[in-house]
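Novice: If you follow the hints, you should be able to join the two separate chains into one complex; please do so.
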Amino acid sequence: MTINEIQDELIADFAFFDDWMAKYEYIIQLGKELPLIDAQYKKDEYLIKGCQSKVWLHADYRDGRVIFTADSDAIITKGLVGLMVRVLSNHSPQEIANSELYFVDQIGLKEHLSPTRANGLLSMIKQMKLYAITLQAKTT
Amino acid sequence: MMEKTAVLEQFDVYGIRKDFPILTRTVNGKPLVYLDNGATTQKPLQVIDAIRHYYTELNSNVHRGVHHLSQLATDAFEVTRHQLKGFINAAHDHEIIITKGTTDSINLVASSFGSAFVKTGDEIIISAMEHHSNIVPWQLLCEDRGAVLRVVPINAAGELDMDAYRALLTDRTKLVAITYVSNSLGTVNPVREIIEAAHANGTPVLLDAAQAIQHIAIDVQALDVDFLAFSGHKMYGPTGVGVLYGKEKWLDAMPPYQGGGEMIKEVTFEKTTYNELPFKFEAGTPNIEAGISLAAAIGYIQDIGMDRIAAYEHGLLEYATARLLEIPGIRLIGTAANKSSVLSFLVDGAHPYDVGVILDKLGVAVRTGHHCTQPLMDWYGIPGTVRASIAMYNTREDIDTLAAGVQKAASMLV
Numbered sequence: 001m002t003i004n005e006i007q008d009e010l011i012a013d014f015a016f017f018d019d020w021m022a023k024y025e026y027i028i029q030l031g032k033e034l035p036l037i038d039a040q041y042k043k044d045e046y047l048i049k050g051c052q053s054k055v056w057l058h059a060d061y062r063d064g065r066v067i068f069t070a071d072s073d074a075i076i077t078k079g080l081v082g083l084m085v086r087v088l089s090n091h092s093p094q095e096i097a098n099s100e101l102y103f104v105d106q107i108g109l110k111e112h113l114s115p116t117r118a119n120g121l122l123s124m125i126k127q128m129k130l131y132a133i134t135l136q137a138k139t140t
Numbered sequence: 001m002m003e004k005t006a007v008l009e010q011f012d013v014y015g016i017r018k019d020f021p022i023l024t025r026t027v028n029g030k031p032l033v034y035l036d037n038g039a040t041t042q043k044p045l046q047v048i049d050a051i052r053h054y055y056t057e058l059n060s061n062v063h064r065g066v067h068h069l070s071q072l073a074t075d076a077f078e079v080t081r082h083q084l085k086g087f088i089n090a091a092h093d094h095e096i097i098i099t100k101g102t103t104d105s106i107n108l109v110a111s112s113f114g115s116a117f118v119k120t121g122d123e124i125i126i127s128a129m130e131h132h133s134n135i136v137p138w139q140l141l142c143e144d145r146g147a148v149l150r151v152v153p154i155n156a157a158g159e160l161d162m163d164a165y166r167a168l169l170t171d172r173t174k175l176v177a178i179t180y181v182s183n184s185l186g187t188v189n190p191v192r193e194i195i196e197a198a199h200a201n202g203t204p205v206l207l208d209a210a211q212a213i214q215h216i217a218i219d220v221q222a223l224d225v226d227f228l229a230f231s232g233h234k235m236y237g238p239t240g241v242g243v244l245y246g247k248e249k250w251l252d253a254m255p256p257y258q259g260g261g262e263m264i265k266e267v268t269f270e271k272t273t274y275n276e277l278p279f280k281f282e283a284g285t286p287n288i289e290a291g292i293s294l295a296a297a298i299g300y301i302q303d304i305g306m307d308r309i310a311a312y313e314h315g316l317l318e319y320a321t322a323r324l325l326e327i328p329g330i331r332l333i334g335t336a337a338n339k340s341s342v343l344s345f346l347v348d349g350a351h352p353y354d355v356g357v358i359l360d361k362l363g364v365a366v367r368t369g370h371h372c373t374q375p376l377m378d379w380y381g382i383p384g385t386v387r388a389s390i391a392m393y394n395t396r397e398d399i400d401t402l403a404a405g406v407q408k409a410a411s412m413l414v
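As you go down the protein sequences, you meet chains C and X in turn. For the first sequence, the working numbering assigns the number 1 to the initial residue and increments by one for each residue that follows. For the second sequence, the working numbering assigns the number 1 to the initial residue and increments by one for each residue that follows.
Excised from the complex, chain X in its bound form (with noise of 0.2 Å):
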């Protein structure tokens, strides 16, 4: 206890919190208490910046012209390419694809993967935590190549049925796609152990970073990941830019997601030989200041340091935790042993929309609904629930804000 108190004095959120000038406006009058950082994070002065000098300065399309404009903009979006090899600890640059954002990963690899190597019987697992944007690419894929989708069912708490997932592994299953982090119930899951099993039976594993990647630190090659995904927009980097981090015999072995400029080496009518890694996978014009500045995100990140980001958001959880659970009425939706950064919650005979609605009142900012996990909200027999999510920046003052303003919604609604 001692520990944590330690890290949370030492941490100076309020000198974080300067470098986000939204967090100083109002909502309806009242000052911002944002806490749906898991739909997107806010954005440093860094990121801003980077964003502002990219267009006053470096504006050009990127690994095609000769012109110094062009070489700067390719120099630094492959800056970015670099930063975040170093981030997630990959192999080598080419084995991190630029994306738009998770979703856009995730469909790559259903596309690419799966035509190189699913074929009709074959079978994919994902679990009933899952985002949509990690079961309807599946789906689509299963469709397509007459293959079939196993769920990893879960427990009342929102942990994974280890020992079902086991049992789920056969000699069928051409690959597994899990989310590290649960978005709804913010359950972390055993990744470690989930790849191990699915290794010992020659299958690989995606992971869905999009919950993680902000919270934890990650080092694909010591986990042995095959895939991860992750976006920019949620890890305090600009919208519309992602990552596919790749095992390079992966990325090699699969054909082209979508043809078109940058990707190809040689075309003819006849034939067409496809660029080398990354490029392969990143045809047309990329979101250029988007890749760019997700540089100055990870920097961000990395100047403060994941584990005292995660030290600090851990206690926070803790706090809230208990701090929801002073409410009478409150149900918690996901009660894992091991959580980080979301309070999904519920209370007894209100709405979640129209807690949400008395929340923004109060300004505070939350998510209400399923939280594109439809499935799992129907495992649990609820319409959704409030989810607040944390990030670094947030405080205990903005956890009381938003205890008050449950607290003030069931009396009004209850």
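The shape of chain C in the complex, shown without the other chains (with noise of 0.2 Å):
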């Protein structure tokens, strides 16, 4: 699948919630599942500091394409890191260098991508971004 298509999948599921509270559990749900990040790649040299809660981001370039894990310690930012990576990761540089996350929008959870929330979660996009450009200039 695009990544587009991944979004467009993850705006019909989550069409199904009719309130807040009913997405804020599936969020909760999904950081609960998921260990995203291998423990080896959960210290500092991979640490995104939020000014309140911690990402942590490691990415491996195998062929061809771009595979992130991710973690952090807060069940909700963790849920959404989980969200950014089921869209992001296994595309190529390209793909992910030239995604638009439109889903974070229209699933309304775009408040969780100001700054104001401090969650790290921005600065995850963006370092996943650079590392996909980074590779594509390398590759290219």
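Since the hints were derived computationally from the structure, they do not count as laboratory data. These numbers come from a predicted model, not from an experiment. Warning: the hint list may mix true and false statements.
To be verified - Mimicking DSBU-like on lysine-lysine, the simulated pairs with C-alpha atoms at most 30 Å apart in a straight line are:
(1) C/K126 to C/K32
(2) X/K119 to X/K247
(3) C/K32 to X/K30
(4) C/K54 to X/K408
(5) C/K23 to X/K30
(6) C/K32 to X/K408
(7) X/K30 to C/K110
(8) X/K408 to C/K49
(9) C/K110 to C/K49
(10) X/K30 to X/K247
(11) X/K408 to C/K110
As the list claims (entries may be wrong) - The following label-pair restraints were derived from C-beta to C-beta distances:
(12) X/A116 to C/K138: 54 to 64 Å
(13) C/L130 to X/D75: 33 to 43 Å
(14) C/D105 to X/T26: 21 to 31 Å
(15) X/F117 to C/E100: 53 to 63 Å
(16) C/D105 to X/D400: 28 to 38 Å
(17) X/D378 to C/E111: 26 to 36 Å
(18) X/A404 to C/N4: 33 to 43 Å
(19) C/P115 to X/D49: 53 to 63 Å
(20) C/K138 to X/S115: 45 to 55 Å
(21) C/E100 to X/T26: 26 to 36 Å
(22) X/L325 to C/Q29: 23 to 33 Å
(23) X/N61 to C/Q29: 56 to 66 Å
(24) C/T116 to X/R52: 24 to 34 Å
Where is the CB? At the ideal position from N, CA and C, for every residue including glycine.
Specialist: Written out as structure tokens, the structure is:
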């Protein structure tokens, strides 16, 4: 699936939630279920410091695709991190670098990307893109 | 107990709420429950009207023009200074320096007091519960002067270790800079004892009163405090204005903080002589509308009476503490015997950020995170807390909504 196909699928999934609580319960569940990152990468080298919650991000480049794994110490952030990884991971650097993440707005979670939230999510997306752009420059 | 109940009943909190238009709005479809007063308080109509009045009737630069409006604006600005003098019982109007806020006030002292009195090997004492605003200016000063920062430790309840404090006072101590009320823990520090011990050592004291000025009646002469710093926006006033109170003898002995207009007496390229107090420390055009409308905030507090506000808030804090402690898995951070206005807590198994997100969805505004007190959070070994901080317009219903919200968050997150 392309990045946009995955985004559209998520938007369709989230349309089933009729109130904020069901939506957040789903995100929290995602956060609880996903052991996102290998323990060896859960150290300062891979840490993206939000003011409030911490996010760890690791990227691998295999067979022309970037594989992201990530984690957070806050469960809602972790659930959202899981969504970002689901959308962006396992695509080519070109696709990631050129992607536009419209699903966050569409599923009503835009506030989590506000700089005032200081949860590390915005920095994580920047970091993911930067990683892809760097790879893109190396491979072309 | 009877007495406290009586005060709670006398205090017309619902009448007060009518003066704060923002309290009637909704957030995420729920009535706003505003419990982030430690960050900033809401403003009563009296303050909002004063800002409007300034721009519709008075707008003009202060302390400069001979024209009528400038005179009116200057008079209004000086009314605030005089009112502030009365509010904290300073000896003179010119001991009230109008600044941008608490941070600006502390930086002023660090810079000007520092350059006059702090030398290599000297020491500044702060405490483990300081806001970054009362840590970093002293670190900068210490780096610049080769001085040493000493930190008074706290106990698990979040109270200062006063024996350790006394032991830190030596002939090298040039200044003690300590918070009156901790912004993350709510601890009310024993400022009288702190000042007495420092003075017995010949050392002046600066109190960071950012979290005290709106909750506790302060008399700078009775306290004999040397410097007092606070902000307008945490006391129902506008943002961008604050106060540095300083004893005349210290302010006279300190060089100016910033150079510019208004702070000068005579400027030639060879030498500039400085204006007298307070203008020596007020370079440039101040935040005039904030300065003028701060008077309305002080008037508002004075009309209700600080002692009544303190008694009401104390009762509400006790109620809130009891309500929160009913929730399984809750842990209060900051359990000092003497507390004011702040309830910091954690829910077992839940990150404070997550609790804050759920509370926001329920219309409850709290602060989460380290509250600009990272060393303190490190000391407790926690990433931060959820902080509910009350003001005079909060009600028991607000607290009930908070408690129900925390319970809801716990059931979703844990």
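Novice: Indicate, hint by hint, whether the structure satisfies it.
Specialist: Hints, verified against the model:
1. C/K126 to C/K32: Measuring from Cα to Cα gives roughly 24 Å; hence the hint holds.
2. X/K119 to X/K247: Cα-Cα ~22 Å, so holds.
3. C/K32 to X/K30: holds, 28 Å
4. C/K54 to X/K408: Within the cut-off at roughly 24 Å; holds.
5. C/K23 to X/K30: holds, 17 Å
6. C/K32 to X/K408: holds, 17 Å
7. X/K30 to C/K110: holds, 19 Å
8. X/K408 to C/K49: Holds. X/K408 to C/K49 sits at ~28 Å (cutoff 30 Å).
9. C/K110 to C/K49: Roughly 20 Å between the alpha carbons, so the hint for C/K110 and C/K49 holds.
10. X/K30 to X/K247: violated, 48 Å
11. X/K408 to C/K110: The given pair, whose Cα atoms are some 23 Å apart, holds under the 30 Å limit.
12. X/A116 to C/K138: 54 to 64 Å: holds, 57 Å
13. C/L130 to X/D75: 33 to 43 Å: Since the Cβ atoms of C/L130 and X/D75 sit about 56 Å apart, the hinted range of 33 to 43 Å is violated.
14. C/D105 to X/T26: 21 to 31 Å: Since C/D105 and X/T26 have Cβ atoms about 22 Å apart, the given range 21 to 31 Å holds.
15. X/F117 to C/E100: 53 to 63 Å: holds, 58 Å
16. C/D105 to X/D400: 28 to 38 Å: holds, 34 Å
17. X/D378 to C/E111: 26 to 36 Å: Check passed, 29 Å falls within 26 to 36 Å.
18. X/A404 to C/N4: 33 to 43 Å: Holds: the Cβ-Cβ distance is about 41 Å, inside 33 to 43 Å.
19. C/P115 to X/D49: 53 to 63 Å: Cβ of C/P115 to Cβ of X/D49: about 33 Å, so the range 53 to 63 Å is violated.
20. C/K138 to X/S115: 45 to 55 Å: Check passed, 52 Å falls within 45 to 55 Å.
21. C/E100 to X/T26: 26 to 36 Å: Roughly 32 Å apart at Cβ, these two residues keep to the hinted range, so it holds.
22. X/L325 to C/Q29: 23 to 33 Å: Holds, at about 29 Å.
23. X/N61 to C/Q29: 56 to 66 Å: holds, 59 Å
24. C/T116 to X/R52: 24 to 34 Å: At roughly 27 Å between Cβ atoms, X/R52 and C/T116 fall inside 24 to 34 Å, so the hint holds.
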